[in-house]
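**Student:** Here are the chains, one letter per residue:
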Amino acid sequence: METLTSDIKVVAKPEGLEGTGFFATSLDKVVGLARKNSIWPLPFATSCCGIEFMATMAAHYDLARFGSERLSFSPRQADLLMVMGTIAKKMGPVLRQVYEQMAEPRWVIAVGACASSGGIFDTYSVLQGIDRIIPVDVYVPGCPPRPEQIIDGILHIQRLVETESLRRRDSQEYKDMLNKYGIE
Amino acid sequence: MTDLATDRTVSFLNEKFGDAILGQETQYDFHVVTVMPSHLIDILKELYSNPEFSYQYLTTLAGIHYPLDQKMAVMYQLHSLTSNQRLRIKIYISDDQPTAPSITSIFKAANWLERETYDFYGIVFEGHPDLRRILNVDDMIFFPMRKEFPLEDQTREDKEDEMFGR
Chain A
1 METLTSDIKV VAKPEGLEGT GFFATSLDKV VGLARKNSIW PLPFATSCCG IEFMATMAAH
61 YDLARFGSER LSFSPRQADL LMVMGTIAKK MGPVLRQVYE QMAEPRWVIA VGACASSGGI
121 FDTYSVLQGI DRIIPVDVYV PGCPPRPEQI IDGILHIQRL VETESLRRRD SQEYKDMLNK
181 YGIE
Chain B
1 MTDLATDRTV SFLNEKFGDA ILGQETQYDF HVVTVMPSHL IDILKELYSN PEFSYQYLTT
61 LAGIHYPLDQ KMAVMYQLHS LTSNQRLRIK IYISDDQPTA PSITSIFKAA NWLERETYDF
121 YGIVFEGHPD LRRILNVDDM IFFPMRKEFP LEDQTREDKE DEMFGR
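Protein chains in written order, with our numbering: chain A, 1 to 184; chain B, 1 to 166.
For the record, the hints were derived by calculation from the structure and aren't laboratory data.
Using N, Cα and C, we set each Cβ at its ideal position, and we do this for glycine too.
Treat the hints loosely; a few may be bogus.
[Stated by the list, open to error] Partial list, derived from the structure: chain A residues whose beta carbon lies under 7 Å from chain B:
1. 86
2. 89
3. 128
4. 131
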């Protein structure tokens, strides 16, 4: 019989016990695997980093290869908030509200120098890094970063998503961290 | 270089408001008349309603800070759509608690422009119907375009002055 061969890679199965007709592993690993490969990003793009993100999403760089082809333009269904671009102080409360509307578990990636630190806009009207108002998981440097760098940032997020313990979001430590930002 | 119609306006102003005119000059083909703040409203009203001039379009107004002279200025750029003439009126006020008369009673367009000038320079326009910040965040506690405030955000600790050329 002819065997079907293909060079499409599927994710490897996690560590576990295997035998005839069964496969046993921990729930953490299965959930982590599923979440990692189906992240719905919410793009919050305000400037040139947003343009790089569009290239990242498009056919050439194709973020869909990493399971993130479905953008969520509603924060309620999004897993990952991608902040790309300069955030003015007046935009701060808006960004914060978007973050608060997202359901747990949620991750945040700050793409580019402006979102990470204010960048060249060291001025009275610009928020000096979004981590002043919301917690950030991964920072992508660059002004603007190339699509490869944004993909690298997403891969770092995937690593966090994959290895996160299922109870992390219920932990006191996590709540304290949110409280530090005045959320909840 | 000024043209005949502008000359006419200027001589009319000198004739009618001679005591209130503090100076006049031509900057980059733009005639500038400096007037006393107390007479600003009367002068603008006259320029607006006099059928010979009809300066009925307020192009812009803006604040200026001269820290060395401890002065602020407000300049009003007028445009007459009937004679296609432009004129700039300027008033000087103290930069310590600066106040200026609001011209919203003459030009509706001055409403947001005066709010912007208040927002950035802290110039209080007396008689403005709703003087509050328009561009900056509401809880800002200073007026960022005044020269005594540095441009950089003063709240951050992570940038070392030495590394960033301050």
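**Student:** Take the hints in turn and mark each one as holding or not.
**Tutor:** Taking the hints in turn, this is what the structure says about them:
1. 86: Violated - the Cβ of residue 86 of chain A stays beyond 7 Å from chain B, reaching only about 13 Å at its closest.
2. 89: 5 Å, holds
3. 128: Status holds, d = 5 Å.
4. 131: 10 Å, violated
Checked against the numbered hints given earlier, the structure breaks hints 1, 4 and satisfies all the rest.
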